[in-house]
Every structure is written in structure tokens, then in C-alpha cells.
Amino acid sequence: MSVAKSADISVAALASHFVVSFGLMGLCLFGTAGTLLWMEGWAYLVMQFGCSLLMTVWMWHHDPALLKSRTQFFKSGMHGRDQLFMVVFILLFFSYLLIPGLDAVRYGWSDVPIPLELAGLLVVAASMWLIFRVMQVNSFASPTIEVQKDRGHSVIDTGPYAVVRHPMYSGFVVYVLCLPLGLGSWWMLLPGLLICSSLLFRIPFEEKTLHAELDGYTDYCTRVRFRLIPGIW
0 MSVAKSADIS VAALASHFVV SFGLMGLCLF GTAGTLLWME GWAYLVMQFG CSLLMTVWMW
60 HHDPALLKSR TQFFKSGMHG RDQLFMVVFI LLFFSYLLIP GLDAVRYGWS DVPIPLELAG
120 LLVVAASMWL IFRVMQVNSF ASPTIEVQKD RGHSVIDTGP YAVVRHPMYS GFVVYVLCLP
180 LGLGSWWMLL PGLLICSSLL FRIPFEEKTL HAELDGYTDY CTRVRFRLIP GIW
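Numbering (numbering that gives the first Met the number 0), first residue to last: 0 to 232.
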């Protein structure tokens, strides 16, 4: 069976997913900036595109089922609460991307030193690596709350999962809180904090499902105590 068939996803579908996603991201960033002459915006967009392409190519060759899952934000049988979360999360994220163009470029409300911008982009790159590492060790890292019994879903307790129970969320929280530095916008932190709060709201519901439906998850929680931040929570 070819990878394309086993993934049940075509190159054209992946390409359209990239075009729509990065088209919207670019529109949010540069549309509000009112100019294409924004080095930090391009640095972020190129870095995000490169990391996303690397992850996609890796999943295409090594885990096509995960690739298919990662491109589906809404699935049949989703709990209404999870559907609401996905809608709110997507709206919050694109609203978040509208801020830095207005703040750092068009109106210049924030003044973030260049060394902090560079540090922010470097930490964002590190958070992307963590998210990639999570996908390498967890073939069941779906964006929706589900136990994939048809794929033999089991508890993952290696790699980042040996440290915290939700390492992808950990990486994304770091991403969301450090990208404002990289793009030179303090005001971007406000919607960033709302995004982080939405994840904190989601985790208990996700864990309730995993405790009820995933064999061994309760025992895993006794061994790995922290959900998001090692030593704290």
C-alpha cells in the first residue's frame, strides 16, 4: 500500500492546506502592518513554514495516519464542547496574529529591543522542535479529544511524556508567549494569554476522557504528576 493511500490524503490536499493556512497567516500579519517591508514578520513566517514543512514530510514518510489526523480539526462524533473549543481557539489564534502588525509596524506602540526579538524567535524555534518531538513519539497526537481505539491507542510515557502529561501544550504555551517578543509586540501577549487560558480550560476535560477510555492512563498519571509545567503544574 502506498503512503498516499494509507494516509488517505493527497499531495493536492496537503498543498491546499498549506496555501490556506499560510495565506491567512500572512494576511493577518502583513495586512494589518500595511507593508511587506517587515523583517521580523518574514523571519517568523519563513521559520513557521519551514518547520511545518519538515513535520509534514516526516509524517508523510513515517506516520501517515498522524498526518491525516493533524489536518482534521473537526471530526464526526466530536463532543460539542470540543467543537466549541476548536472554533474559539482558531478565532483567538488568528486574532492574535492581527495584533503585531498594528502594534509593532503600523503604530509603533511597543518598543521591544532587537536582542529580545532575536531571543523570542529562538525560543519559538525551540518550542517548534518540542512540538515536533511530541509528534515523533506520539502517533495519537490528534488535535481533537479522542481515544483512537481503531488504531490501538495506548499510553505514551517516553520522550517528553516522561516529564509532563501534555508536552505539546507545553510547547505551544511557550510558542504563544514568546512569539510576541519575536515580533516586537507587547500587546500581542494579551490574546496570547487568552489562548493559554483556553488550553488550561481544555486539559481537565481531555484528561477526564483519557481516564475513562484509555487503559493505563490513570496509572500513568500517578507516575508523571505534572500536566504542563515540570515541578509546578
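Keep in mind that a hint or two might mislead.
[Unchecked claim] FRET-style restraints, in silico, Cβ to Cβ: (1) S15 x M46: 17 to 27 Å; (2) D156 x G22: 16 to 26 Å; (3) D156 x S197: 21 to 31 Å; (4) H16 x L83: 16 to 26 Å; (5) Q71 x S197: 37 to 47 Å; (6) F72 x L117: 40 to 50 Å; (7) I228 x L35: 29 to 39 Å; (8) E212 x V56: 30 to 40 Å; (9) Q147 x A118: 15 to 25 Å; (10) G79 x A118: 39 to 49 Å.
[Said to hold, decoys possible] Each computed SDA-like pair below joins lysine to any residue, with the alpha-carbon atoms no more than 20 Å apart: (11) K148 x F131; (12) K148 x M54; (13) K148 x W57; (14) K207 x T217; (15) K67 x S196; (16) K67 x F17; (17) K67 x K148; (18) K207 x L13; (19) K67 x G25; (20) K67 x P142; (21) K207 x F131; (22) K67 x P190; (23) K148 x V87; (24) K148 x N137; (25) K67 x L120; (26) K67 x H152; (27) K148 x H78; (28) K207 x D218; (29) K148 x F204; (30) K207 x K67; (31) K207 x L192; (32) K207 x S196; (33) K207 x L189; (34) K67 x P112; (35) K148 x H210; (36) K207 x R80; (37) K148 x D62; (38) K148 x F72; (39) K207 x Y160; (40) K67 x L115.
To be clear, the hints were calculated from the coordinates, so they are not data collected in a lab. Even for Gly, the Cβ is constructed at its ideal location relative to N, Cα and C.
Among the hints numbered above, which are violated by the structure, and what are their numbers in rising order? 2, 5, 6, 9, 11, 12, 13, 15, 18, 19, 21, 22, 23, 25, 30, 31, 33, 34, 40
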